[in-house]
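Number of protein chains: 2
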Amino acid sequence: MDYTIRVATLEDCKDIYRMIMVSRCGDRRVAQGGTCSVCARRTHGHSELAKHEKVSDQVKIAQRDLEQDGFSKNPFFQSIIAEVPEQHRSKDGHSKVGYALYFFAYSSWKGRSVYMEDLYVMPEYRGKGIGKALMSKIAQLGLAAGCNQLNFAVLNWNKESMDFYLSQGCWDVTTGLDYHCMRCEGPALEALARGDPKN
Amino acid sequence: MDYTIRVATLEDCKDIYRMIMVSRCGDRRVAQGGTCSVCARRTHGHSELAKHEKVSDQVKIAQRDLEQDGFSKNPFFQSIIAEVPEQHRSKDGHSKVGYALYFFAYSSWKGRSVYMEDLYVMPEYRGKGIGKALMSKIAQLGLAAGCNQLNFAVLNWNKESMDFYLSQGCWDVTTGLDYHCMRCEGPALEALARGDPKN
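Respectively, the protein sequence lines represent chains A and B.
For the first sequence, position 16 (counting from the first letter as 1) is numbered 16 according to the working numbering, and the numbering increases by one without interruption.
For the second sequence, position 192 (counting from the first letter as 1) is numbered 192 according to the working numbering, and the numbering increases by one without interruption.
Derived by calculation from the structure, the hints in this document are not laboratory data.
For glycine and all other residues, C-beta sits at the position ideal for the given N, C-alpha and C.
Treat the hints loosely; a few may be bogus.
[To be verified] Think about it this way: if two alpha-carbon atoms lie no more than 27 Å apart in a straight line, the pair counts; the simulated DSSO-like pairs of lysine-lysine are: (1) B:Lys137 x A:Lys60; (2) A:Lys110 x B:Lys159; (3) A:Lys14 x B:Lys110; (4) A:Lys110 x B:Lys60.
[As the list claims (entries may be wrong)] Restraint-style ranges between C-beta atoms, simulated for each label pair: (5) A:Val173 x B:Trp157: 14 to 20 Å; (6) B:Lys110 x A:Thr9: 37 to 43 Å; (7) B:Trp157 x A:Arg64: 39 to 45 Å; (8) A:Ala145 x B:Ser90: 19 to 25 Å; (9) A:Ser95 x B:Thr174: 38 to 44 Å; (10) A:Gln63 x B:Asp163: 37 to 43 Å; (11) A:Gly195 x B:Ala153: 20 to 26 Å; (12) A:Val7 x B:Gly146: 31 to 37 Å.
So here's chain A without its partners, still in its complex pose (with noise of 0.2 Å):
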C-alpha cells in the first residue's frame, strides 16, 4: 500500500489528536464487552470498561493544546504524519492513519538526542511499514539535526511494541539506569518557584 510520510501541520491536529484519544485507550485490547465513551472500542464488561475509559481521563490535553503547543513560534515537540491515498481510506473515512511526536532534549554527558514521545499507527494499517518508515523517519531528522541518541519509552504491558522496537535496533536501557526519576508538579512546583516548597 502507497503511504507518504511527511512533517505534520497545523491542519493535521485534528487527526493528531484522535489518534492520541485512541491509542491511550484501544491499545490496551481490552476487546470486545462494553463501549469506551471515548474511543467507541468495544471492551469486556464494566470493570474492564471502568478502567479503560479511566486511562482517556488521563489524557490533559485538547485539540487546541496540540495546536498551541506544537506549531506556534517556540514549538514544544514536532511531529510527522503518515498519510494513505484517497482510495485507501479507513472505513472510517480517514487517511491519516499515523503519526509520530518527538522532541530534542540535551545531556551534558552526550549533547544532542531526539526524544520520541508517541509512535503511532491505526491497527487496520500495521504491518505494512508504516511505523518502521515513522520511526525511520525520526532517525533520519535526528541525525540530521546532530543528534546520535534516540530515546523512547514503552508501557510494560506493551509487548507488540515491545518486539517491534527490539527488532528495529533498539535496546532496553531500564536495568542498566544508575538514576533515580524525580518528578515536581502542580502545587509542589508553584511552592518551588515561590521559593517556599513543601509550603
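Starting from the structure of chain A, add chain B where the hints point.
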C-alpha cells in the same frame, strides 16, 4: 552571601563547561588519595582514581558543543547561572559558582513540562541557598512557559542530592513507572535512519 541568578549567555560557556567536568568526577566524593587529571581532586588510591577518570571520560561534549547547542538559533537547552560579587570569588578566582541546564519536553497525555538536566553549585558555596534559588528559578521559568511538571534524574549514589530534592517538595517516581526506557544510538541509529535496522 549575595549572589545573583541570571540567564546564561555565550560568555558563560567556559564556566559552565568547567562545572560540568568537575561535577562529573568531583561529586563522586572519592576524596583523598590520588589526583584526577580532569578535576584535580584527590581520590582514594589507584583503583578509585581510575574509576574517577573513567567518569570524566564519559563526557562526550566539548565547550564548543555547549556554545553551539545552547546559544545558536533553535537551542537544544537553556541555562541559568549563579554568580557572586568580586569579594566572594572562589579560591581559584571563580565568580560563577553554580549553574542549571534545562530544556522543555512534551507529553501527549500531560502537555508541557520542563526537564532539569543539571543543577550544580560549587562545594564551597553550598548551604547558602544557591541551589534552591537555581531550582526555584527553573520552576518559575517552567510555569511561565505553561509547564506544570518538572522532571529530572538523580544518580543512585547521590543521597545528599536526593535528600535536598525531597526537601524541595519533589518526589521519586522511579518505582511507580509503568514503562521501560528504550534507546537506539550510534550505528544502530544510522541503520534505523536508512530503514535498514540491525544491518
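Against the structure, the hints come out as follows:
| no. | hint | verdict |
| --- | --- | --- |
| 1 | B:Lys137 x A:Lys60 | holds, 25 Å |
| 2 | A:Lys110 x B:Lys159 | holds, 24 Å |
| 3 | A:Lys14 x B:Lys110 | holds, 17 Å |
| 4 | A:Lys110 x B:Lys60 | holds, 5 Å |
| 5 | A:Val173 x B:Trp157: 14 to 20 Å | holds, 18 Å |
| 6 | B:Lys110 x A:Thr9: 37 to 43 Å | violated, 24 Å |
| 7 | B:Trp157 x A:Arg64: 39 to 45 Å | holds, 44 Å |
| 8 | A:Ala145 x B:Ser90: 19 to 25 Å | violated, 36 Å |
| 9 | A:Ser95 x B:Thr174: 38 to 44 Å | holds, 41 Å |
| 10 | A:Gln63 x B:Asp163: 37 to 43 Å | holds, 42 Å |
| 11 | A:Gly195 x B:Ala153: 20 to 26 Å | holds, 23 Å |
| 12 | A:Val7 x B:Gly146: 31 to 37 Å | violated, 23 Å |
Comparing the model with each numbered hint stated earlier shows that hints 6, 8, 12 do not hold.
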